[in-house]
Each structure stands twice: as structure tokens, then as C-alpha cells.
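Visitor: Residue-level listing of the chains:
Number of protein chains: 2
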Amino acid sequence: MTGKRKILKEEILSSVAGDLAGIEKALADNLAPRLALVSDIAGHLLFSGGKRLRPLMMVLSARMCRCTDHDVIRFSTIFEYLHAATLLHDDVVDEAEMRRGKRAAHLTWGAAGVVLTGDFLLARSLSIAALTRKPDIIDIVAGITEAMSQGEIDQLDKKGKIDLSEQEYMAVIQAKTAVLIRGACRSGAVLAGADPDRVTALSDFGFHLGVAFQMADDLLDYTADVKTLGKNPGADIREGKLTLPLIHALARAGRDDRDKIEAMIKDPRLSAEAFEELAALLHHYGGIAYTQEKAREHVKEAKNCLEKFDPSRERDIMMMLADYAIARDL
Amino acid sequence: MTGKRKILKEEILSSVAGDLAGIEKALADNLAPRLALVSDIAGHLLFSGGKRLRPLMMVLSARMCRCTDHDVIRFSTIFEYLHAATLLHDDVVDEAEMRRGKRAAHLTWGAAGVVLTGDFLLARSLSIAALTRKPDIIDIVAGITEAMSQGEIDQLDKKGKIDLSEQEYMAVIQAKTAVLIRGACRSGAVLAGADPDRVTALSDFGFHLGVAFQMADDLLDYTADVKTLGKNPGADIREGKLTLPLIHALARAGRDDRDKIEAMIKDPRLSAEAFEELAALLHHYGGIAYTQEKAREHVKEAKNCLEKFDPSRERDIMMMLADYAIARDL
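Residue numbers (the working numbering), protein chains in the order written: chain U, 49 to 378; chain S, 49 to 378.
Be aware that one or more of the hints could be misleading.
Capping the alpha-carbon separation at 30 Å, the derived lysine-lysine pairs in DSSO-like fashion look like this [to be verified]: (1) U:K207 with S:K150; (2) S:K314 with S:K150; (3) S:K206 with U:K150; (4) S:K182 with S:K99; (5) S:K57 with S:K308; (6) S:K99 with S:K54; (7) U:K342 with U:K207; (8) S:K207 with U:K150; (9) U:K206 with S:K356; (10) U:K182 with U:K206; (11) U:K99 with U:K150; (12) S:K99 with S:K73; (13) S:K182 with S:K356; (14) U:K182 with S:K182; (15) U:K54 with U:K150.
To give a feel for the contact side, a few chain U residues facing chain S, derived at Cβ under 10 Å [what the hints assert, rightly or not]: (16) V86; (17) I89; (18) G91; (19) T134; (20) H137; (21) T165; (22) R172; (23) S175; (24) I192; (25) A299.
Hints were generated in silico from the structure; no laboratory data involved.
Virtual Cβ for every residue (Gly too), placed ideally from N, Cα, C.
Whole structure, please, built from the sequences with the hints as guidance.
Guide: Rendered as C-alpha cells:
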């Protein structure tokens with residue numbers, strides 16, 4: 049872990065320890081008492097070291113708008129359940145082997161149980177959204193669910209598409225990641241009854257942060273080791289997912305290197321050595337640097353959105369979270 | 049098709065032809081324009097001869113309560129999308145081969161696309177529920193989704209359980225079928241702004257009808273041919289699903305026949321001849337007659353719930369729908 053990231057993480061964690069403990073408790077409370085199989089499968093993923101970034105963003109957004117609703121912590125679990133539901137279905141769809149440093153759930157419980165548990169978590173998030181009795185929040189949650197499923201289908205549809213454009217990539221990551229974080233921030237502002245300007249500012253913050261976060265995540269697949277990543281590096285390329293570092297490099301590579309990269313994309317059993325070579329090519333053609341730069345730009349835009357709020361402890365933490373999103377082992 | 053069923057069907061169809069056409073159009077309108085893959089997969093199931101029973105029940109319930117909302121037809125699609133989403137996921141979970149007389153979708157498009165399309169349809173139903181801006185309807189839809197996913201998990205968990213009790217069977221069919229039909233009827237009453245008594249009466253009607261409908265469906269798996277059923281008979285037993293005819297017969301069979309039946313349950317490749325023998329045993333031990341009787345009792349209870357409403361064309365159709373639910377080729 050780089051020094052900067054470690055300091056940021058410690059500072060954030062110490063600032064939000066109380067909220068995180070509250071979120072953790074609410075996640076467990078809202079799941080129990082359920083069928084044993086659901087608890088096993090959902091718990092395997094839910095309680096294996098997720099960062100609770102999404103619920104935390106909702107809580108902080110609500111607090112920045114002086115929210116007085118005591119149920120904000122409970123409501124924030126909507127976004128972790130929704131996230132977990134997507135991860136479960138994705139792992140089935142991608143036939144993934146690892147998730148958060150653990151064996152993917154479907155390898156232990158079978159695809160059937162995992163698909164149904166994903167459905168259950170999705171339903172749970174909806175039930176909690178209904179508890180808010182706020183049609184605007186229901187709208188947000190329904191919209192997120194719809195966008196995410198379309199994003200995943202879009203991604204599946206484009207699997208192995210060699211000429212995926214940067215624009216197509218952006219559409220996919222917006223739908224599958226940014227929309228959820230945007231919705232979490234937006235819901236916090238709506239719950240607090242904030243004025244439309246602030247609702248929009250926090251939505252935009254979440255959106256840009258989500259884009260930056262996904263770009264950083266996509267970079268990690270080429271730059272991190274298995275321990276940092278919680279899964280094997282190179283999973284994206286082996287699943288035929290073209291991300292920004294690769295798209296940028298492909299557009300700049302000469303004929304020979306482009307042919308070489310394309311052959312690697314088409315090889316689902318790409319060796320560790322070939323993968324190293326690919327990562328080196330992405331560095332060489334500027335794909336890594338370009339993606340880092342784009343992610344930084346989105347973090348900057350995210351932070352700009354917070355300028356219209358008075359300085360506060362919550363705003364400071366949100367700023368730190370924005371920096372943290374890209375301060376990974378790149 | 050038996051004579052009674054044919055007459056009922058024609059009478060119902062001619063009475064609701066306008067509404068059915070409206071529902072059909074709304075189902076297509078609310079899906080387009082979508083990604084091609086979604087339209088293909090969702091369309092394959094959605095437009096292959098579903099009876100639209102669930103949306104129809106919502107519309108009729110709303111009309112019985114003098115609903116003036118012009119969007120009732122549009123809102124009623126919630127319950128068909130929700131139903132279709134469940135069917136898609138179920139077929140993946142059960143590794144089914146046929147559905148509504150067609151090859152199951154996952155065999156053509158793969159489990160990944162089908163799981164995600166199910167998610168999309170679920171999301172679509174939520175988005176339409178959100179359009180009602182009525183928290184009570186959102187509550188109902190969220191509750192249905194949660195109950196259904198739990199029912200399916202429960203059923204998966206109990207797969208092959210030889211000593212499944214009638215009580216456990218009832219819990220499964222309530223969650224996986226009756227709750228959805230109950231919710232459709234309840235939502236119609238809520239949309240119309242009906243008083244609590246009527247909301248409850250229509251909910252109970254839907255619930256009993258749903259139970260009867262599922263019992264009749266479970267009977268068909270032992271009594272119908274492939275053409276009537278739209279899939280191969282005997283699917284339940286081959287998937288390890290114990291339904292009421294079998295549960296009742298097992299409890300009454302002597303040692304030898306019980307051993308024979310149990311061996312059949314454990315054989316996923318049960319031959320057509322052995323299946324015929326099983327069906328004969330279920331007749332012999334009264335499992336078929338008992339289930340028919342139970343289904344009839346629930347239809348009677350359903351119809352009783354409608355007594356508190358003034359006579360109307362809609363009430364007549366609902367009564368006919370209740371009869372139709374069990375007037376199958378038993």
C-alpha cells in the first residue's frame with residue numbers, strides 16, 4: 049500500500065468509525081432472521097471485507113444537507129445490498145473464481161442458489177427503499193436497478209469486441225458503477241430534503257467519483273497483485289472485457305503490436321507471462337497513464353461539485369473519499 | 049380441452065378482449081426501445097402465449113373498486129414483467145428445457161444473458177411501480193419480490209426432500225405463486241383508493257386463487273400431455289420437486305409402494321413408463337383427488353371474498369377466472 053493511500057484510509061476510517069459500525073450492524077439486522085441458505089450465501093459476500101463505500105456516501109451526503117432522519121443508516125443499506133446483488137449475479141455471469149479474496153459463491157453453493165440470493169438482496173434493497181415512503185427515492189433505486197442490468201447486458205453483448213470505443217466503454221462503466229454511487233449520494237440529499245441545486249451537486253459528485261473509481265478498478269487489473277485485488281489480475285482480459293488502458297493502447301499501437309494484443313484478447317487461457325507482456329505494452333503505449341489522467345480529471349470534477357457546500361467535517365471526508373478512490377497501488 | 053374449460057375460456061376472452069389488447073400493447077411499449085439482446089430474450093418469453101392472468105386481475109380489481117386512473121393498464125404490466133423475470137430465473141435455476149411450448153431461453157442465449165434479462169425485467173417492473181407514486185403499491189411490489197425469491201430459495205433448499213410436509217408445500221406455493229396474484233389484486237384496489245375492507249377482500253381473493261392455480265398447475269404435471277402443458281410432463285418429479293399429489297400419496301402408501309415412489313423421486317432420468325406408473329400410484333392413493341379437492345376449496349374461498357361487492361360485469365369475470373383456474377385437463 050502506498051504511503052498516501054494508507055494515511056488517507058486511516059484518516060477516513062477514524063472519521064467515520066461510528067457510522068461504519070452502524071452500517072455494519074444495520075446490514076446484519078436487515079438480513080436476519082432469514083433462511084439459512086440466504087444468510088450463508090449473502091453473508092459470505094456481504095461480510096467479507098466490503099468497504100461500505102456506497103452506504104457511507106449516502107450517509108455523508110445526507111449529513112452534508114443537515115439530514116435529521118434517524119433512519120439514514122438503515123436506509124443506506126439499500127446501496128450495499130444492491131451492490132452485493134449485482135456482484136453475485138456478475139460472478140455467475142462471468143463464471144468468476146474469486147471475489148473479495150474469497151472463492152466466488154457460485155463455486156460453493158451452485159449458480160442456482162446464488163442467482164436466487166442475488167434476487168433476494170435486490171428485493172431486500174427495494175423493501176428498505178419502500179420504507180422511506182419517498183417516491184423520489186424509489187425512483188432513484190428503480191432507475192439504478194434498470195441502468196445496472198442494462199449496463200451488464202451491454203457489457204456481455206460487447207464481450208470480446210476488439211474495436212470497442214472509449215465512448216462505448218464510458219457508457220458501460222457509467223451504467224454499471226457510476227449510476228449506483230450517484231444514486232446513493234442523490235438519495236442522501238433527497239432524504240434530507242435538500243434544495244434541487246444541492247441534490248444535483250451531490251448526484252454529480254457521486255457520478256464522477258463512480259467513473260473515477262471504476263477506472264481505477266480497471267487499472268488495478270493490470271497493475272495490482274492478487275492480494276491487493278482480492279482476485280487474480282488479468283481477469284478482465286480473460287473474460288473478454290476491454291477496459292480503457294487497453295482501448296487507448298490498441299488505438300495507438302502499430303500493426304504488429306496490435307495484432308499481438310488482439311491475439312491475447314482472444315485467448316481465454318492467457319498465460320501469466322503473456323499477461324505481463326500485455327501490461328508492459330499498455331504502459332508503453334500510454335494506456336495506463338491516460339487512464340490515470342482521466343480518473344484524476346473525474347476526481348477533480350467530483351470535488352468541484354462540493355465547492356457550493358459550506359466547509360464541514362462531512363465535506364472534508366467526502367473530499368478524502370474522492371482522493372482515496374484513485375489513490376491505489378497503480 | 050374439456051368442454052367446461054373451453055366455454056369458460058371463450059366467455060372470459062370475449063369479455064376482456066379490449067383490456068387484453070391494451071395489456072399486450074403496454075407490454076410491448078414498456079419494453080421498447082431496449083438493447084437488442086434484452087428484447088430478444090424477454091420477447092421470446094413474454095410474447096409466447098402467456099395468459100396475462102396477473103395484469104388482468106389487477107385491472108379487474110381496480111375496476112371493481114371504480115378505479116378512474118387511466119394508467120391502470122400500463123401499471124398492470126408490473127405483474128407480468130415480475131412474473132416473466134421469475135420464470136427466466138427459474139428456468140436457469142431448474143435447468144429447464146421447455147417453457148410455454150418453446151425451447152427455454154437459456155438454451156438459446158446462455159444462462160448469463162437470461163439471468164441479466166430477468167434482472168432487467170424485475171427492474172422494469174419496479175420502475176413502473178415507481179411511476180404510480182404510491183408508496184403502498186411500492187410496498188406490495190417489494191414484498192412480492194422478496195417473498196418470491198425466498199419461496200424459490202426455500203424450494204431449492206427442499207429439493208429432493210422425501211418427507212416434505214403438506215405445510216411446507218403450502219409455504220412454498222404461497223410464496224412463489226399466491227403472493228404475486230394477491231399483490232396484483234391488492235394493487236388494483238389500492239390504486240382505486242378502495243377502503244381497507246375491499247383491499248383485504250381482493251387480496252384474499254387473489255391469494256386463494258393463486259393457491260388453487262398452483263395446485264392445478266402441479267396436478268397438470270401428472271395428468272396433462274406435452275401439448276397442453278407447454279413442457280414435458282414429469283418435470284417436477286425429475287427436478288426433485290415434491291408437490292401435493294405426491295406428498296399425499298406418500299403419506300398413505302404402504303411400505304413397498306412408498307419405497308418404489310421414493311426410488312422414482314431419486315431418479316432424475318425417470319423413464320416415461322416409470323412416470324406413468326407413478327401417476328397411477330398417485331391416483332390409487334388419492335393424491336390426485338385430494339389435490340383437486342383442496343384446489344376447489346380455495347376457489348370457493350376466493351369466490352366468497354367477492355360476495356361483499358355489488359354484482360358487476362367485472363365481478364362476474366373474476367368469478368369465471370376463479371373457476372377457470374382449476375377447470376383444466378385434470
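Visitor: Any hints from earlier that this structure breaks? Give me their numbers in increasing order, please.
Guide: 5, 9, 10, 18 and 25
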